[in-house]
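**Student:** Chains B and C: place on chain A using the hints.
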Amino acid sequence: MNEYKFFDNKGPFNISEIFFQIKSNEKIKIFDIKTLDQANQSDLTFFDSLVYLKDAKKTKAKFCLTNEKLKKYLPSSCIPIVVKNVLYELCKVTKKFYPDADVDFPDQSLKPSNKTLFPKVNFGLNVLLGKDCLIGENTEIGSNAIIEKKVVIGKNCIIGSNVTIKSSIIGNNVVIQNGCKIGLKGFGFIPQKENNIKFPHIGKVIIGDNVELAANCTIDRGSIDNTIIGKNTYLDNQVHVAHNVKIGENCMIAGQVGFAGSSIIGNNVSIGGQAGISGHLRIGNNVRIGGGSGVVKDIPDNTTVMGYPAVPLKEFLKNKRVWVIQLIEKK
Amino acid sequence: MNEYKFFDNKGPFNISEIFFQIKSNEKIKIFDIKTLDQANQSDLTFFDSLVYLKDAKKTKAKFCLTNEKLKKYLPSSCIPIVVKNVLYELCKVTKKFYPDADVDFPDQSLKPSNKTLFPKVNFGLNVLLGKDCLIGENTEIGSNAIIEKKVVIGKNCIIGSNVTIKSSIIGNNVVIQNGCKIGLKGFGFIPQKENNIKFPHIGKVIIGDNVELAANCTIDRGSIDNTIIGKNTYLDNQVHVAHNVKIGENCMIAGQVGFAGSSIIGNNVSIGGQAGISGHLRIGNNVRIGGGSGVVKDIPDNTTVMGYPAVPLKEFLKNKRVWVIQLIEKK
Amino acid sequence: MNEYKFFDNKGPFNISEIFFQIKSNEKIKIFDIKTLDQANQSDLTFFDSLVYLKDAKKTKAKFCLTNEKLKKYLPSSCIPIVVKNVLYELCKVTKKFYPDADVDFPDQSLKPSNKTLFPKVNFGLNVLLGKDCLIGENTEIGSNAIIEKKVVIGKNCIIGSNVTIKSSIIGNNVVIQNGCKIGLKGFGFIPQKENNIKFPHIGKVIIGDNVELAANCTIDRGSIDNTIIGKNTYLDNQVHVAHNVKIGENCMIAGQVGFAGSSIIGNNVSIGGQAGISGHLRIGNNVRIGGGSGVVKDIPDNTTVMGYPAVPLKEFLKNKRVWVIQLIEKK
Numbered sequence: 001m002n003e004y005k006f007f008d009n010k011g012p013f014n015i016s017e018i019f020f021q022i023k024s025n026e027k028i029k030i031f032d033i034k035t036l037d038q039a040n041q042s043d044l045t046f047f048d049s050l051v052y053l054k055d056a057k058k059t060k061a062k063f064c065l066t067n068e069k070l071k072k073y074l075p076s077s078c079i080p081i082v083v084k085n086v087l088y089e090l091c092k093v094t095k096k097f098y099p100d101a102d103v104d105f106p107d108q109s110l111k112p113s114n115k116t117l118f119p120k121v122n123f124g125l126n127v128l129l130g131k132d133c134l135i136g137e138n139t140e141i142g143s144n145a146i147i148e149k150k151v152v153i154g155k156n157c158i159i160g161s162n163v164t165i166k167s168s169i170i171g172n173n174v175v176i177q178n179g180c181k182i183g184l185k186g187f188g189f190i191p192q193k194e195n196n197i198k199f200p201h202i203g204k205v206i207i208g209d210n211v212e213l214a215a216n217c218t219i220d221r222g223s224i225d226n227t228i229i230g231k232n233t234y235l236d237n238q239v240h241v242a243h244n245v246k247i248g249e250n251c252m253i254a255g256q257v258g259f260a261g262s263s264i265i266g267n268n269v270s271i272g273g274q275a276g277i278s279g280h281l282r283i284g285n286n287v288r289i290g291g292g293s294g295v296v297k298d299i300p301d302n303t304t305v306m307g308y309p310a311v312p313l314k315e316f317l318k319n320k321r322v323w324v325i326q327l328i329e330k331k
Numbered sequence: 001m002n003e004y005k006f007f008d009n010k011g012p013f014n015i016s017e018i019f020f021q022i023k024s025n026e027k028i029k030i031f032d033i034k035t036l037d038q039a040n041q042s043d044l045t046f047f048d049s050l051v052y053l054k055d056a057k058k059t060k061a062k063f064c065l066t067n068e069k070l071k072k073y074l075p076s077s078c079i080p081i082v083v084k085n086v087l088y089e090l091c092k093v094t095k096k097f098y099p100d101a102d103v104d105f106p107d108q109s110l111k112p113s114n115k116t117l118f119p120k121v122n123f124g125l126n127v128l129l130g131k132d133c134l135i136g137e138n139t140e141i142g143s144n145a146i147i148e149k150k151v152v153i154g155k156n157c158i159i160g161s162n163v164t165i166k167s168s169i170i171g172n173n174v175v176i177q178n179g180c181k182i183g184l185k186g187f188g189f190i191p192q193k194e195n196n197i198k199f200p201h202i203g204k205v206i207i208g209d210n211v212e213l214a215a216n217c218t219i220d221r222g223s224i225d226n227t228i229i230g231k232n233t234y235l236d237n238q239v240h241v242a243h244n245v246k247i248g249e250n251c252m253i254a255g256q257v258g259f260a261g262s263s264i265i266g267n268n269v270s271i272g273g274q275a276g277i278s279g280h281l282r283i284g285n286n287v288r289i290g291g292g293s294g295v296v297k298d299i300p301d302n303t304t305v306m307g308y309p310a311v312p313l314k315e316f317l318k319n320k321r322v323w324v325i326q327l328i329e330k331k
Numbered sequence: 001m002n003e004y005k006f007f008d009n010k011g012p013f014n015i016s017e018i019f020f021q022i023k024s025n026e027k028i029k030i031f032d033i034k035t036l037d038q039a040n041q042s043d044l045t046f047f048d049s050l051v052y053l054k055d056a057k058k059t060k061a062k063f064c065l066t067n068e069k070l071k072k073y074l075p076s077s078c079i080p081i082v083v084k085n086v087l088y089e090l091c092k093v094t095k096k097f098y099p100d101a102d103v104d105f106p107d108q109s110l111k112p113s114n115k116t117l118f119p120k121v122n123f124g125l126n127v128l129l130g131k132d133c134l135i136g137e138n139t140e141i142g143s144n145a146i147i148e149k150k151v152v153i154g155k156n157c158i159i160g161s162n163v164t165i166k167s168s169i170i171g172n173n174v175v176i177q178n179g180c181k182i183g184l185k186g187f188g189f190i191p192q193k194e195n196n197i198k199f200p201h202i203g204k205v206i207i208g209d210n211v212e213l214a215a216n217c218t219i220d221r222g223s224i225d226n227t228i229i230g231k232n233t234y235l236d237n238q239v240h241v242a243h244n245v246k247i248g249e250n251c252m253i254a255g256q257v258g259f260a261g262s263s264i265i266g267n268n269v270s271i272g273g274q275a276g277i278s279g280h281l282r283i284g285n286n287v288r289i290g291g292g293s294g295v296v297k298d299i300p301d302n303t304t305v306m307g308y309p310a311v312p313l314k315e316f317l318k319n320k321r322v323w324v325i326q327l328i329e330k331k
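Residue numbers (this note's numbering), protein chains in the order written: chain A, 1 to 331; chain B, 1 to 331; chain C, 1 to 331.
Simulated from the structure, these hints should not be mistaken for lab results.
Check each hint, because a few of them may be wrong.
Chain copies aren't distinguished; within one or between two, either way the pair holds.
[Said to hold, decoys possible] With a Cα cut of at most 27 angstroms, we get these calculated DSS-like pairs of lysine-lysine: (1) Lys29 - Lys57; (2) Lys115 - Lys92; (3) Lys131 - Lys84; (4) Lys198 - Lys27; (5) Lys155 - Lys198; (6) Lys115 - Lys131; (7) Lys62 - Lys115; (8) Lys246 - Lys198; (9) Lys5 - Lys246; (10) Lys155 - Lys96; (11) Lys155 - Lys193; (12) Lys23 - Lys115; (13) Lys131 - Lys120; (14) Lys95 - Lys5; (15) Lys131 - Lys57; (16) Lys60 - Lys84; (17) Lys155 - Lys92; (18) Lys115 - Lys149; (19) Lys58 - Lys69; (20) Lys84 - Lys54; (21) Lys314 - Lys23; (22) Lys193 - Lys246; (23) Lys149 - Lys120; (24) Lys297 - Lys27; (25) Lys111 - Lys155; (26) Lys10 - Lys95; (27) Lys155 - Lys95; (28) Lys95 - Lys120.
Next up, chain A with everything else stripped away, as it sits in the complex (with noise of 0.2 angstroms):
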């Protein structure tokens, strides 16, 4: 499923037609762009946060763009490419490999669905499909719902009206509630003064078996990652998920609750509406993450937090008015 994909490779390239700087002999071919755990030896990877430590150093990628001061955690299998802006250097090299990824335009291929094609799948009124699609038996797809090229739906799936799939790959018996925008590009972009420069998001979204999500949830692909919401997990109305994040199983996640990019959230979590989960955090399984809640940190297992910036519940209590008292009253 990993190796499933929705964007043209342009690859593979020389090292040396990518980073002039590299002057091998060898004519070593690049053949894709992956995080530091999922590339192999033919591959590119980029290191840029003490976050992907152990990562690092575990990586079995041939290059790994990074800068000075992080390159000496890279195993000596892997050869850094030393550079200022990691991100910056990363954007421009996957533009190369993937050129069409940092806009979503809109599929060309997308015709309205073809019930002879699809005899076994329910289709409403003035249904989208792109070219490729897969879609499992006795799914049904609501009205006006668009289904981009390739994407790929299990069976039993209910996908609402007004619903948009995109770079996407989908369990069995995965409801996707009314108006939901699943796989579009996420929020990355480098910066620039007078037009920056959007980020390719040659990733997917990778939905498990039993999946609801409730109505106007937005859920973005990954940028070189993937995105993924584990089995079984619930989401509420007007969730958004960003690029990268990996949702556990048995989640339930109430509306409204944002996560940022990047972050990994373990199984049987539950979050309480309009909770907001910070960027490349790690939540252990079993959290307990309170309503209104803005997790700052990394959460350890079996946890219950609350407050914001989120704190375990004992420590949130106690800061209310009685913790001042208390410490007052102490001297």
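**Tutor:** For chains B and C alone, kept in the frame of chain A given last:
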């Protein structure tokens, strides 16, 4: 209006067909499942939280699903059916009566709007209507809107583009702006390790006269109860109203406010942007809730609250710095 | 661009036709209604809050709706029309000039897009266009999008699926992702017990070059003023921008941020996810607002703020525990 049904009731069933633990020589038939306050002598109800004690004491239901601790509060006319997990058993029995209410299957009866059937309604392009809709004169329905079967819309309404409406009864002079999703199933289910059990939502959305809903709001229908928005109440963009919420008359709800399930909001309530209201609360009349507040407790009439969690305004202001300083200086 | 109008102006009217309290032998005609800073000698303006004192002192308007307390600040060239409720009277007179701007009637002029009229525009399927739209070359418009009458869209834009645009002027190279609702009436009305009076929204939305709006954003048009998003500003998913808000250039607005009405945001401002900005504020240039913050006061240039309510970052950090401890230890 309360008796108008959107889902087929497969009942009545003999009580002993539903609950094998009930041994009754008489063949008592149960006709429907209703809340404590709505049920009458031919209905089954449920009681699982002291929040509903007042209604429990006065219920007219013949049978009531409840637990060991709560059964003592029921009137003698009501036969308790004691179970471990009230909502789980309620879910099972509700599915028996209403097998189609736990998933929002696309409406198979949708057809392009037909001016000859509704000569006094103005339709945009590509409007889809389900069977047996009722739409009042002088109502305008924007392009790409979907009005599912049996929906009732009053006179002089404006329904925007890309709106979907299901299981709803809408008054006169109502404005619903583009992208609203009205009447979908709420966020209710019985968590299970492999595959959550979806709770049937047999209720509806009832919207009073002169209501205005701004763009991209989501209003879920009730589970056993209804979701209600009272006369002349205005909601701004991206408001989320969960199942069973009742908002009173003449309220002003600013953008991105979220209501968790089953809360009851009084009349003349104003709520600032992005505030969140937890579930099962009672908010009085003439209450003002500051923007960004998180309301986790009932609020009496005529109160202004603010903060996270929300407290009366005076307390909120005290808590901010000044309050601590005062405490220290008093020592 | 400011003079391009989306609503028909029924004026001019003699000032004595509008306000019977004005006894004027001369027949002074009022041509339009504008804000203090935009009005010229043939216009009526309004002044109801000291927030706009600076503009009031310099207004070129002939007449100004105001109250007893504020009238003294107007220049002698401007005749005050003193009323009890400025917004109520403004609403009435604006409806006289613009009777169709208080409700978003579906555009009756919509027709399926016609490639022969726009040979250089790429249309998806089921795109609907109102009369007199202007769309620049090389722009692509996704399926099921609705562009209402007189909307102007520049060159090289991408308009996503299920987007609706009304009363808007959009620059070049703009990307608007799926599900955005642009240019609808804002949340403005005069509360009344039985039936609120809807405030006419005669303004528009102006979006600068190179702007990107992610999925399901809602951008309301201005009431008397315009709503503006400056060049090269990017908004993430589900952002809510209320009427009259002006966002500067090169800003980064993360997911689910909400702006209440009439606030002015500088250039190079970055705002973290789920932050809320209250109404009628001035946020300076180069301001950074932390995720989840609630901004309730003006913020000077080059400031980083965080918290609810938002305070400068240093103060926020101090307030969290450390601050209280320090205070106590100093005693």
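**Student:** For Lys29 and Lys57, with the copy left unspecified, which applies at a CA distance of at most 27 angstroms: within, between, both, or neither?
**Tutor:** within (23 angstroms within a copy, 68 angstroms between copies)
**Student:** Could you figure out if Lys155 and Lys96 sit no more than 27 angstroms apart (CA to CA) within one copy, between two copies, both or neither?
**Tutor:** between (36 angstroms within a copy, 24 angstroms between copies)
**Student:** How do Lys5 and Lys246 come out at 27 angstroms by Cα distance, when the copy is not named: within, between, both, or neither?
**Tutor:** Intra 18 angstroms, inter 40 angstroms, cutoff 27 angstroms: intra-copy only.
**Student:** Given a CA cutoff of 27 angstroms, do Lys131 and Lys120 count as a within-copy pair, a between-copy pair, both, or neither?
**Tutor:** Both, since 17 angstroms and 24 angstroms are each at most 27 angstroms.
**Student:** Is it within, between, both or neither when you check Lys111 against Lys155 at 27 angstroms Cα-Cα?
**Tutor:** both (21 angstroms within a copy, 26 angstroms between copies)
**Student:** Please work out whether the CA atoms of Lys131 and Lys84 approach to 27 angstroms or closer within one copy, between two copies, in both situations, or in neither?
**Tutor:** Classified as neither: same-chain Cα gap 41 angstroms, cross-chain 51 angstroms, threshold 27 angstroms.
**Student:** Checking an output row: Lys155 and Lys198, CA cutoff 27 angstroms. Within, between, both or neither?
**Tutor:** Between copies, since 18 angstroms is at most 27 angstroms while 35 angstroms is not.
**Student:** At most 27 angstroms between CA atoms: does that hold for Lys115 and Lys131 within a copy, between copies, both, or neither?
**Tutor:** Both: 14 angstroms inside a chain and 22 angstroms across chains, each within 27 angstroms.
**Student:** Which holds for Lys155 with Lys193 at a C-alpha limit of 27 angstroms: within a copy, between copies, both or neither?
**Tutor:** between (47 angstroms within a copy, 20 angstroms between copies)
**Student:** Give the relationship of Lys23 and Lys115 under a CA distance limit of 27 angstroms: within one copy only, between copies only, both, or neither.
**Tutor:** neither (56 angstroms within a copy, 51 angstroms between copies)
**Student:** Please sort Lys297 with Lys27 into within, between, both or neither, judging by C-alpha distance up to 27 angstroms.
**Tutor:** Close neither inside one copy (44 angstroms) nor across copies (60 angstroms); limit 27 angstroms.
**Student:** Should Lys193 paired with Lys246 be assigned to within, between, both, or neither, using CA atoms and 27 angstroms as the limit?
**Tutor:** between (32 angstroms within a copy, 19 angstroms between copies)
In this structure, the earlier hints numbered 2, 3, 4, 7, 12, 15, 21, 24 are contradicted, and the remaining ones agree with it.
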